[in-house]
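Following the hints, complete the assembly by docking chain B onto the known chain A.
There are 2 protein chains.
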Amino acid sequence: MGKIKYELIKNNNGNENVRLGRLITNHGTFETPLFMPVGTLANVKTLTPEELKACGSAVVLSNTYHLWLRPGEDVVNKAGGLNKFMNYDGPTLTDSGGFQVFSLAKPKDISEEGVKFKSHIDGANLFLTPEKSIEIQNKLDSDIAMSFDECAPYPASRSYIENSMRRTLRWAKRGKNVFNNENQSLFGIVQGGEFEDLRKESALETVRIGFDGYSIGGTSVGEPKDVMYNMISYATKYLPKDKPRYLMGVGDPIDILEGVSRGIDMFDCVLPTRIARHGNAFTKHGKMNIKNAKYRMDFTPIEDDCDCYTCKNYTKAYVRHLITSKEVLGGRLLSIHNIRFLIRLTENIRKAIKNDCFDEFKNEFIKEYKNKH
Amino acid sequence: MGKIKYELIKNNNGNENVRLGRLITNHGTFETPLFMPVGTLANVKTLTPEELKACGSAVVLSNTYHLWLRPGEDVVNKAGGLNKFMNYDGPTLTDSGGFQVFSLAKPKDISEEGVKFKSHIDGANLFLTPEKSIEIQNKLDSDIAMSFDECAPYPASRSYIENSMRRTLRWAKRGKNVFNNENQSLFGIVQGGEFEDLRKESALETVRIGFDGYSIGGTSVGEPKDVMYNMISYATKYLPKDKPRYLMGVGDPIDILEGVSRGIDMFDCVLPTRIARHGNAFTKHGKMNIKNAKYRMDFTPIEDDCDCYTCKNYTKAYVRHLITSKEVLGGRLLSIHNIRFLIRLTENIRKAIKNDCFDEFKNEFIKEYKNKH
Chain A
3 MGKIKYELIK
13 NNNGNENVRL
23 GRLITNHGTF
33 ETPLFMPVGT
43 LANVKTLTPE
53 ELKACGSAVV
63 LSNTYHLWLR
73 PGEDVVNKAG
83 GLNKFMNYDG
93 PTLTDSGGFQ
103 VFSLAKPKDI
113 SEEGVKFKSH
123 IDGANLFLTP
133 EKSIEIQNKL
143 DSDIAMSFDE
153 CAPYPASRSY
163 IENSMRRTLR
173 WAKRGKNVFN
183 NENQSLFGIV
193 QGGEFEDLRK
203 ESALETVRIG
213 FDGYSIGGTS
223 VGEPKDVMYN
233 MISYATKYLP
243 KDKPRYLMGV
253 GDPIDILEGV
263 SRGIDMFDCV
273 LPTRIARHGN
283 AFTKHGKMNI
293 KNAKYRMDFT
303 PIEDDCDCYT
313 CKNYTKAYVR
323 HLITSKEVLG
333 GRLLSIHNIR
343 FLIRLTENIR
353 KAIKNDCFDE
363 FKNEFIKEYK
373 NKH
Chain B
3 MGKIKYELIK
13 NNNGNENVRL
23 GRLITNHGTF
33 ETPLFMPVGT
43 LANVKTLTPE
53 ELKACGSAVV
63 LSNTYHLWLR
73 PGEDVVNKAG
83 GLNKFMNYDG
93 PTLTDSGGFQ
103 VFSLAKPKDI
113 SEEGVKFKSH
123 IDGANLFLTP
133 EKSIEIQNKL
143 DSDIAMSFDE
153 CAPYPASRSY
163 IENSMRRTLR
173 WAKRGKNVFN
183 NENQSLFGIV
193 QGGEFEDLRK
203 ESALETVRIG
213 FDGYSIGGTS
223 VGEPKDVMYN
233 MISYATKYLP
243 KDKPRYLMGV
253 GDPIDILEGV
263 SRGIDMFDCV
273 LPTRIARHGN
283 AFTKHGKMNI
293 KNAKYRMDFT
303 PIEDDCDCYT
313 CKNYTKAYVR
323 HLITSKEVLG
333 GRLLSIHNIR
343 FLIRLTENIR
353 KAIKNDCFDE
363 FKNEFIKEYK
373 NKH
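Chains A and B are the protein sequences, given in the same order. Just add 2 to wherever you are in the first sequence, counting from 1, and you've got this note's numbering. Just add 2 to wherever you are in the second sequence, counting from 1, and you've got this note's numbering.
This is chain A alone, in the form it adopts within the complex:
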């Protein structure tokens, strides 16, 4: 038992940013790049741990903010930590609560000390600080904890981003100072908005503080895709090669490929489960809305060549029926398919890197993905 380790296995010949690696955790060793499904409230919505494993899932993410409010970190701690609480024997990761505080809980009042805000459940006054976030995560006992950061909005002025980024650096230091769980790893978060020099400063200073891994934050907050891809490039070039890099909140298939091509190892997103609940399935030809009337009598799987439980056992017509009838099993079956789709994508990415053909794989995938049937 101890901290995670990252081993770089190889770069992709011809695109040296692209990394095939290995994440060694207290709950198993897993190759990267990898995709992490999100289990907001200590469960990936509608699914069991066995189903996640059958999808090839390695790390599962949970949200500190949500677990702090319900059931409370003491309950999870008394259960023996997040793994035991949710009966998952793979690695777990908790975010810092920052993203939820800045997106869910309004109004908010940011000071050097921390953030005052109101609970999205009952409006209660709450105060989250870097120390409190770490204290909660130490108790949750995830394999990987995150530094408390401000996820700044987009667009925002350069001066706002600069101040926010520097405060996030001070928060990172404060969090590291109180961190107290020898079996848990702590990641720092690079901020700095769309500004190249601010991303550079944030990356260098975060690395100077020193963490077990590094995240790119402040993406997927409304910025155009090319801006997001630049944010990644600005940061990863200053990150050490012997630590994992994690792009937070990104799960669109094309974004995953663009992230990998810029040196990212880990991704997470609620997208596969969220779009599932609305009847959407990832396919190699883009998103499929299963509610479409043309699937009413379509007795073939969502994807003929998909190896997920849903595609091996159910037809489009049946899943469509469940979704249009608002039966929860429909969202469950689509969640399984969508998670497996993204995990299969990362499996194929790793295979491509092994064969030094990542760029070809990426171009081919994107071409097919944009060519809707």
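The set of hints was computed from the structure by calculation and includes no laboratory data. Wrong hints could be hidden among the right ones.
Given that identical chains are not distinguished, each listed pair holds provided it fits within a single copy or across any two copies.
Unchecked claim - Below, computed lysine-lysine pairings styled on BS3-like, alpha-carbon distance capped at 27 Å:
id, residue 1, residue 2
1, K86, K293
2, K120, K5
3, K86, K328
4, K328, K118
5, K328, K120
6, K80, K293
7, K55, K314
8, K80, K239
9, K369, K293
10, K134, K328
11, K314, K369
Model, not experiment: these values are computed from the prediction.
Relative to the frame of chain A, chain B by itself:
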């Protein structure tokens, strides 16, 4: 392939009403008494067929009225029937639609020809007749279909029940006349309210028409328990020993025991899944509301000696957290426990009959069940 068969294995020595039997279907042979989970819209809410099988489930029930409206019987038929549509390889049973028409769809207009009513989904005018119900069920291709009946309200006047029961007999004949599926069995339904002579007339006349099995209808519609138990006794004494008897819509553990003691072989009810969604679990000491604050830090299973997936893998604290956080997985885990609870009850009932100690088992179970912790 063909009709179901019922074989009486033995009666319970000392209580000759109680039957241990065998139901031989196109999808396997199963001992009775048995409990059938309800899959209203061609799925038992939140669960897969594999999970039902792991609960020991044999027959699964679906609702003709619901499948007629969504996805339509032609979709199910084109899929190859209900089994193929929902990917369940055990036996299936469809009700006639009568219960839903009389409970969900108001206002209604009952005539000799059939029932005019409005769809509970979009208010569309619909007309269901005995012939139409059978035609739909023939297409759904369940193992067991039900005659179209009027499920009369309670209380109702003797003259209302008498007229309704006799019309149900005429409807049963009309349904049988158009029945056209050699691999499907058809059950008749005994009505007659709380009136002994009307139940007798209904039973004798339904048997005279001749069906592959017999149901007791018109119970669980608001009548007191002793009235319901009498309704069962009034009917079963006139039913043939070589056909299965099915008590529709009954799933309370004590009612199952009282039904078995009066000669019932088959039960169905939405109770285990419905109470699950509201956070209730069956236990040997009665229903447990998992939302109770005392379970917040209770890291033991719902029932220590339960062999269900939920009790083997999760704590009360975790299930409570999921339910109070409105996470669907909570209802799913409780549904598994509750279905397994009722199926385990029928397993223990069968064991007791084999050992000629059904009455002792029943009395002991009820004593413990009423003795809440």
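A quick look at each hint next to the structure:
Taking CA atoms no more than 27 Å apart as the test, K86 paired with K293 passes between copies only; the shortest distance there is 20 Å, against 37 Å inside one copy. Proximity of K120 to K5 under the C-alpha cut-off of 27 Å is found in neither arrangement, the shortest distances being 34 Å within a copy and 63 Å between copies. Proximity of K86 to K328 under the C-alpha cut-off of 27 Å is restricted to the inter-copy arrangement: shortest distance 20 Å between copies versus 32 Å within a copy. In this assembly of identical chains, the alpha carbons of K328 and K118 lie at most 27 Å apart only when taken from different copies (26 Å versus 38 Å within one copy).
Taking the closest pair of Cα atoms, K328 and K120 come within 27 Å of each other only across two copies (20 Å); inside a single copy the shortest separation is 32 Å, beyond that limit. In this assembly of identical chains, K80 and K293 lie within 27 Å of each other by CA distance solely across copies; the values are 18 Å between and 43 Å within a copy. Within a single copy, K55 and K314 get their C-alpha atoms as close as 16 Å, and across copies as close as 18 Å, so both meet the 27 Å cut-off. Proximity of K80 to K239 under the C-alpha cut-off of 27 Å is found in neither arrangement, the shortest distances being 41 Å within a copy and 57 Å between copies.
Proximity of K369 to K293 under the C-alpha cut-off of 27 Å is restricted to the intra-copy arrangement: shortest distance 25 Å within a copy versus 50 Å between copies. For a Cα distance limit of 27 Å, the shortest separation of K134 from K328 across copies, 26 Å, qualifies, whereas the shortest one inside one copy, 40 Å, does not. In this assembly of identical chains, K314 and K369 lie within 27 Å of each other by CA distance solely inside one copy; the values are 26 Å within and 47 Å between copies.
Figure legend: structure checked against the earlier numbered hints; hints not met, in rising order: 2 and 8.
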